[in-house]
Amino acid sequence: MTEALLEVTDLIKHYPVRAGVLRRQVGTVHAVDGVSFALAPGETLGLVGESGCGKSTVARSVLRLVEPTSGQIRLRGEDITRLSKTELRPHRRSMQIVFQDPFASLNPRMTAGDIVGEPIAVHGLASGKELETRVAQLFEQVGLRPDQMRNFPHQFSGGQRQRICIARALALEPDLIVCDEPVSALDVSIQAQVINLLIDLQRQHGFSYLFIAHDLAVVAHISHRVAVMYLGRIVEISDKDELFRNPRHPYTQALLASVPIANPHAKRLAPLVDGDVPSPVNPPSGCAFHTRCRFAMDRCKAERPALVDAGGGHQVACLLNDGTGRGL
Numbered sequence: 028m029t030e031a032l033l034e035v036t037d038l039i040k041h042y043p044v045r046a047g048v049l050r051r052q053v054g055t056v057h058a059v060d061g062v063s064f065a066l067a068p069g070e071t072l073g074l075v076g077e078s079g080c081g082k083s084t085v086a087r088s089v090l091r092l093v094e095p096t097s098g099q100i101r102l103r104g105e106d107i108t109r110l111s112k113t114e115l116r117p118h119r120r121s122m123q124i125v126f127q128d129p130f131a132s133l134n135p136r137m138t139a140g141d142i143v144g145e146p147i148a149v150h151g152l153a154s155g156k157e158l159e160t161r162v163a164q165l166f167e168q169v170g171l172r173p174d175q176m177r178n179f180p181h182q183f184s185g186g187q188r189q190r191i192c193i194a195r196a197l198a199l200e201p202d203l204i205v206c207d208e209p210v211s212a213l214d215v216s217i218q219a220q221v222i223n224l225l226i227d228l229q230r231q232h233g234f235s236y237l238f239i240a241h242d243l244a245v246v247a248h249i250s251h252r253v254a255v256m257y258l259g260r261i262v263e264i265s266d267k268d269e270l271f272r273n274p275r276h277p278y279t280q281a282l283l284a285s286v287p288i289a290n291p292h293a294k295r296l297a298p299l300v301d302g303d304v305p306s307p308v309n310p311p312s313g314c315a316f317h318t319r320c321r322f323a324m325d326r327c328k329a330e331r332p333a334l335v336d337a338g339g340g341h342q343v344a345c346l347l348n349d350g351t352g353r354g355l
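Throughout the sequence shown, residue numbering follows our numbering, covering 28 to 355 in sequence.
Any given hint might turn out to be false.
Capping the alpha-carbon separation at 20 Å, the derived lysine to aspartate or glutamate pairs in DMTMM-like fashion look like this [to be verified]:
#1 K112 <-> E145
#2 K267 <-> D336
#3 K328 <-> D301
#4 K112 <-> E94
#5 K156 <-> E145
#6 K267 <-> D227
#7 K156 <-> D174
#8 K156 <-> E167
#9 K267 <-> D242
#10 K328 <-> D60
#11 K328 <-> D303
Just so you know, these hints were derived from the structure itself, not from any lab.
My request is simple: use the sequences and hints to build the entire structure.
What follows is the structure, encoded as structure tokens:
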């Protein structure tokens, strides 16, 4: 088996809730509550779930943009969870991110060429004419013209700005790129172009993606495996084709049933879940999904299901899929 590029074990990120004049802690937001997964070299893992389930917090914790409360993050076998900023600096080249909003993540006072070239200069990889040449090559790789290097972010369209962000992520030749909903702010036609660009770049360079999205069609197109999150926990993870063909967790089934159907005359499935997502400040006991699950049993209110193998590498955190083969 290929050694994992990234291994995340029991990752937890809690935020204190403070109130009053003295700012005393009155509660805790369980943003990420025990997430584990592995990512192989050259693989794309899609991370999906409703807004607020903790996807972006996982991404930022993996990159150490926010400090995890507990857990372990290993990059190429080395534990980077508690490294200082100085110790982490050499690893920064291996991990890059493409943010959701391509305008907010670009400095409006810098030219596009300076934005893409900044990480190269900061890490001392090139300067002067060599730096300009490398930036021009990066622009061409992402489908932009080298003469656009002198333009400012406001002079580009949304899709072009996201291409600048991708070029910046490529600048240090990383092994891992985290894509935090990189196409959700773009028009549908532009989304397809950016997704296809990401796929082509991965084929050329062989890096891995942790791809975060709530659009299942996008995830199905780009991912090799898919992990489904609910209220800070992964409830199902599997090969893409297997998960879409045979979803085992009731929440995954509900997500797939909610996908719009192109045919207006096609029969729609009845809603599979009721109610709203519980507050992460006071998550339900046992299985976090039991308050909305049509299959919930008394056990579900008391026991927190572990993520176990349901066969063929398909892992499910559900008491009805406990590895005995019963399933839904």
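Right, here's what the structure says about each hint:
| no. | hint | verdict |
| --- | --- | --- |
| 1 | K112 <-> E145 | holds, 19 Å |
| 2 | K267 <-> D336 | holds, 16 Å |
| 3 | K328 <-> D301 | holds, 17 Å |
| 4 | K112 <-> E94 | holds, 11 Å |
| 5 | K156 <-> E145 | holds, 14 Å |
| 6 | K267 <-> D227 | holds, 19 Å |
| 7 | K156 <-> D174 | holds, 15 Å |
| 8 | K156 <-> E167 | holds, 17 Å |
| 9 | K267 <-> D242 | holds, 14 Å |
| 10 | K328 <-> D60 | holds, 17 Å |
| 11 | K328 <-> D303 | holds, 17 Å |
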